[in-house]
Structures are given as C-alpha cells and as structure tokens.
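Chains as they are written, first to last, in our numbering: chain A, 7 to 147; chain B, 7 to 147.
Careful: at least some of the hints might be erroneous.
[Claimed, not checked] Which stretches of chain A does chain B cover? Using the computed rule of at least three CB atoms under 8 Å from a CB of chain B, they are:
no.	region
1	47-54
2	92-98
[Claimed, not checked] According to the in silico footprint, chain B covers these stretches of chain A (three or more CB under 8 Å from chain B):
no.	region
3	15-27
4	57-64
5	109-119
Hint data in this document are derived by calculation from the structure and do not stem from the laboratory. Beta carbons: idealized from backbone N, C-alpha and C, even for Gly.
Number of protein chains: 2
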Amino acid sequence: MGMESVAAETSFADPNAAEEAFYRAFRDGDIETMRAVWSTTADVVCVHPAHTALTGYAEVMASWESILATTEGFDIRFLCRHEIGEGALVVHVGVEEITSADGNRVTVPATNAYRRTPDGWQLFLHHASPVQVEAEAGPLH
Amino acid sequence: MGMESVAAETSFADPNAAEEAFYRAFRDGDIETMRAVWSTTADVVCVHPAHTALTGYAEVMASWESILATTEGFDIRFLCRHEIGEGALVVHVGVEEITSADGNRVTVPATNAYRRTPDGWQLFLHHASPVQVEAEAGPLH
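So here's chain A without its partners, still in its complex pose (with noise of 0.2 Å):
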C-alpha cells in the first residue's frame, strides 16, 4: 500500500476500544499505543501483579518500557466480568488470561479503569494481582 505507514491509534470511542488497544499494545509490545491508551495525567495508577503501586503516567509508562522490552511470544486477552459506569467513569473487573510461549495458562484478576476526557476514553486505573490459590484453598486475608 505504498509508504505510509499505519499510524497508531491514538483517541478510543469508549472504553472497550481503549481495552483493546491495551492489550494489544500489551501483546504486541507496541510501547506508543500503550502511551496512547493511558491517561497522562499525574494520578494515573498502575499495579503489576505482586508489586507495589506505581503512579503518575512517567512512572507507569517507564514500568510498561521495561515490561514490553522484555516480554515476548505471549498471549493476553482480558475477559470483562463486570462493567459498572457512571458518566464518564467506567470500571471494568475480570480476569486476564495469559498464555506463555510453551503453552502454560495462567489467569490473573484486573481492574482497569477509564475516564472520557476531550481527547477520548483513557485508561487511568491498571490493578492486576498475581493468583496463587484458588477461592476455597487457603485464608482469605
């Protein structure tokens, strides 16, 4: 199709578009889509699984460079249990499901969470936990 090149998507409709393109990025480690999905805003958050808080979007996207750096030949897809919105706030819960290059499946339980603002929905709540035991199997707390 000649020179152009694909320019990346950078503005989301709503909140699944921004999703998708997160995990996308995520899958792809295309590090400017993942700048485009979040919101750049000092109050961003971002928790990786087994890790402390991350916040404001220099420092959240300085933990996506690394992560998207090193990760590579997997699979993400983010299955959305719980939609709960109000105006332009809208909160997803589910579970990630990850598929590593030799086959293994693990499945990790997110929040992400997305404001409209001028410039289309962003991501600005990232809380992904790591899953060691199953609901039933040990102390909850």
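Based on these hints, arrange chain B on the given structure of chain A.
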C-alpha cells in the same frame, strides 16, 4: 444510655464514611457493619489477596464471615492515595497497612470503589493484592 444497644451504622453519607466503616468492621470482626457497607447487588466484586474474584453479595459476604471469624488481634488501616470520582461513582486506590498481633507490618495495594444509592454510599468493589517484592526488584508482569 440505659439498656439500649448501639445500633450498627447502616447508611453512609459519603465514600469516606463507608470506607472507615469497612476497615473498622474488618479490624473488629463486625459482620453486621460489613454487611451494611457493601452494596447488596449481584454485581459486587471482591478480590482477596492471592485469590480469584468473588462476585455477588452472598458469595462476598460468605468470604467475610469466614475471614472475620478467624482473624483477630491485628490492625488494618487504609491510606487512600488517589481518589477518582464522577457523580455517583468513586474509586479509591491506596494501600492497606496491616499490623499483625506480633507487630509485623505489611502493606497491600488495594482498590475500593463506591457508588451512591438511595440508601447512601455503598462499597461494590474491593480488590486487594498480595505484595511480594518491591517495585524495582523483579519482573513486572
């Protein structure tokens, strides 16, 4: 005064009041207050550290009955680092400081989300993660 018992608080004027009651119920093993804090709907979600998500009021309350019956002598406080709100929906992201009976302290990232109902503000999402490593100490995802 006299013979009247102190009625459990069952309605909360703002998200902070609901959050205060949630952690007080947790500390004190007070299942009645815990029941009052949560939205009674089918779409509530609770992710205990290292567990898969529990959904629906009945399932979530069963988990709290189990937890409150077996934990004691500890302290738990929530430090809200970020509040993102929109109309009748408010998301709090922060850390729980948990001090065990023998004085060990751990911090746990947590997301709590509240909505305003005709019966006051109610908790509908609690997502708490285990922390195993510091942010810079290992692979992030």
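Out of the numbered hints, which ones does the structure contradict? Of the numbered hints given earlier, the structure breaks just one, which is hint 3.
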